[in-house]
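**Student:** Chain by chain, the residues:
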Amino acid sequence: MTPGPGMHRLLSNVLALQNEDGRGAELTEERVKQVLLGRDAFTAEEERMLATSPLARLIYAEVLEDLRLQEEAFAQRCERAGVKTETGSLLAASGGQYPMVLPSDDFSVTLCPHPMSAGWVISLTLHDQFRRIMHSDEGLALVDEKGVTWLRGQVNSYGEIHSYDWPHDETPAKCAQREGFKLRIRPG
Amino acid sequence: MMTPRQRAIWDAAVAVCPDRGKLVQEIKKDAAVRGLNPNVTCEQALSQLLKTHLDARRREAAGITEHEDRVWAKLRQISDDLIREYQAKHGRSPPRGYRCCPEHFREIRVRILRDEPDDQRVGKIKSSTIEVYFGRFCDECRHLVSLESASETSHPGEPWGNGVLVLPPSLTKALPLLKKCIDGLDARMRDVIDAAYFEKPKVVILPPQRPGGRAECRGRKALGQGECERLRKEALRQLRMCLDLRMSEKSR
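Chains as they are written, first to last, in the numbering used here: chain A, 1 to 188; chain B, 1 to 252.
Don't read these hints as lab results, they were simulated from the structure.
Because the structure is a prediction, the values reported are computed rather than measured.
Where is the CB? At the ideal position from N, CA and C, for every residue including glycine.
Please note: incorrect hints may appear among the correct ones.
To be verified - In silico DSS-like pairs for lysine-lysine, Cα to Cα no more than 27 Å straight-line:
id: 1; chain 1: A; residue 1: LYS33; chain 2: B; residue 2: LYS124
id: 2; chain 1: B; residue 1: LYS173; chain 2: B; residue 2: LYS200
id: 3; chain 1: B; residue 1: LYS233; chain 2: A; residue 2: LYS33
id: 4; chain 1: B; residue 1: LYS200; chain 2: B; residue 2: LYS233
id: 5; chain 1: A; residue 1: LYS146; chain 2: A; residue 2: LYS84
id: 6; chain 1: A; residue 1: LYS84; chain 2: B; residue 2: LYS89
id: 7; chain 1: A; residue 1: LYS146; chain 2: B; residue 2: LYS173
id: 8; chain 1: A; residue 1: LYS33; chain 2: B; residue 2: LYS173
id: 9; chain 1: B; residue 1: LYS200; chain 2: B; residue 2: LYS221
id: 10; chain 1: B; residue 1: LYS179; chain 2: B; residue 2: LYS200
id: 11; chain 1: A; residue 1: LYS33; chain 2: B; residue 2: LYS89
Unchecked claim - Where chain B lies over chain A, by a calculated footprint (3+ residues, C-beta under 8 Å):
id: 12; stretch: 15-21
id: 13; stretch: 46-55
Construct all of the structure, not just a fragment, from the sequences and the given hints.
**Tutor:** Below, the structure written as structure tokens:
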């Protein structure tokens with residue numbers, strides 16, 4: 001049986017009656033943000049804190065909401081500037097030719113096998129208009145239509161982010177060839 | 001010589017300026033007021049000093065710090081901008097209470113994140129903190145915003161943090177444990193929980209104007225609203241104890 005919204009609401013109401021002794025404050029906003037952005041996972045102790053501390057869950061809920069609002073603010077800023085954050089439907093990229101460039105109106109993504117290892121070098125380059133609307137210290141993530149994060153970081157002075165970490169089985173070049181493939185930039 | 005208007009302002013200023021000693025000290029310490037700064041006239045310096053002093057007294061009287069005052073001014077400005085935009089878009093003022101609703105606080109936060117995320121006053125402010133500011137300093141909202149819901153405190157036996165509905169995904173593993181706990185409840189409490197959370201009403205909740213009863217209502221038990229709420233609270237209390245126990249057993 002799949003638990004419905006009623007069960008979730010009941011669980012939430014029951015957990016809200018737990019006593020709070022302040023230990024939940026050990027779970028910092030920064031740490032929750034790190035996990036919610038997919039940079040890390042909660043430790044067993046943090047999971048326990050979330051299960052037992054209303055304060056920890058309040059911190060979790062607030063960070064979750066703030067990240068949602070950040071997404072909304074980012075979308076508004078891009079829309080006002082006419083910046084597109086998604087690749088259109090890409091024609092199947094031809095294999096074998098590297099670097100492979102995935103173009104878009106306001107950014108481009110370059111894929112290249114790592115010259116020294118079995119990994120991949122993925123580069124995101126923002127075009128001028130996109131760079132102009134970026135705030136200092138703002139992080140970005142590049143995700144595909146399946147929600148897989150391709151890279152994440154802050155743009156350098158050339159408007160680029162480079163990643164040398166590709167932990168997935170399917171190569172990025174292969175992913176780029178699948179039907180309906182898209183990449184999207186979001187705050188990260 | 002003072003004009004009558006200036007005299008009236010001065011009298012009002014004196015009324016909110018009970019600490020004359022402090023003002024005298026400030027005047028004594030200020031080189032420009034004493035004519036020792038060639039770049040500023042004494043009048044300009046005195047005017048600035050009085051303004052600063054009276055601002056400080058006003059904040060003191062209102063129980064607001066300088067930082068809070070600056071944050072509030074910024075939030076109010078963004079709120080006014082949003083309301084002007086609403087009027088321009090819809091051709092009418094927003095409904096009463098709009099300025100004080102959580103959606104407006106979230107819109108303010110989005111506007112900050114969109115345009116001024118690096119602002120030292122408000123760049124990092126959270127929606128819940130914005131709500132607290134409006135609850136404290138906005139005349140319109142003071143009576144509408146519940147500070148309790150935005151605070152990080154609770155009273156014994158009351159839901160904490162206003163019963164946050166967003167739960168971390170990992171907590172879904174508590175759902176089967178909760179199901180077992182529900183099964184262990186007394187039948188009446190289980191019926192009330194079913195009615196309140198699962199839309200499977202084995203009981204009928206009578207409205208306040210029809211109290212009195214445990215009568216049957218189309219084959220279902222009928223309970224007064226007060227009795228129903230009492231049973232619901234008791235059920236939640238028992239479920240909490242049961243769940244705590246089962247979760248600690250599971251983590252062992």
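**Student:** Are the hints correct? Go through all of them and say.
**Tutor:** Hint by hint, here is what the structure shows:
Using a Cα cut-off of 27 Å, the hinted pair LYS33/A and LYS124/B holds, with the two alpha carbons roughly 13 Å apart. A C-alpha spacing of about 24 Å is found between LYS173/B and LYS200/B, which places the hinted pair at or below 27 Å, so the restraint holds. For a cut-off of 27 Å, the pair hint linking LYS233/B to LYS33/A is broken: about 34 Å separates their Cα positions. The hinted pair formed by LYS200/B and LYS233/B meets the criterion: a straight-line CA distance of about 18 Å does not exceed 27 Å.
Taking the CA atoms of LYS146/A and LYS84/A, the gap is near 19 Å; set against the 27 Å cutoff, the hint holds. Taking the CA atoms of LYS84/A and LYS89/B, the gap is near 25 Å; set against the 27 Å cutoff, the hint holds. Among the hinted pairs, LYS146/A with LYS173/B is consistent with the structure: their alpha-carbon atoms are about 25 Å apart, no more than 27 Å. In summary, the hint linking LYS33/A to LYS173/B is supported, as the alpha carbons are separated by about 22 Å, within the 27 Å threshold.
For the hint pairing LYS200/B with LYS221/B, the CA-to-CA distance comes to about 13 Å; that is within 27 Å, so the pair holds. Of the pairs offered as hints, the one joining LYS179/B and LYS200/B holds, with about 15 Å between alpha carbons and a cut-off of 27 Å not exceeded. A C-alpha spacing of about 35 Å is found between LYS33/A and LYS89/B, which places the hinted pair above 27 Å, so the restraint is violated. Counting residues of the stretch 15-21 of chain A whose CB lies closer than 8 Å to any CB of chain B gives 5, which reaches the minimum of 3, so the coverage claim holds.
Counting residues of the stretch 46-55 of chain A whose CB lies closer than 8 Å to any CB of chain B gives 7, which reaches the minimum of 3, so the coverage claim holds.
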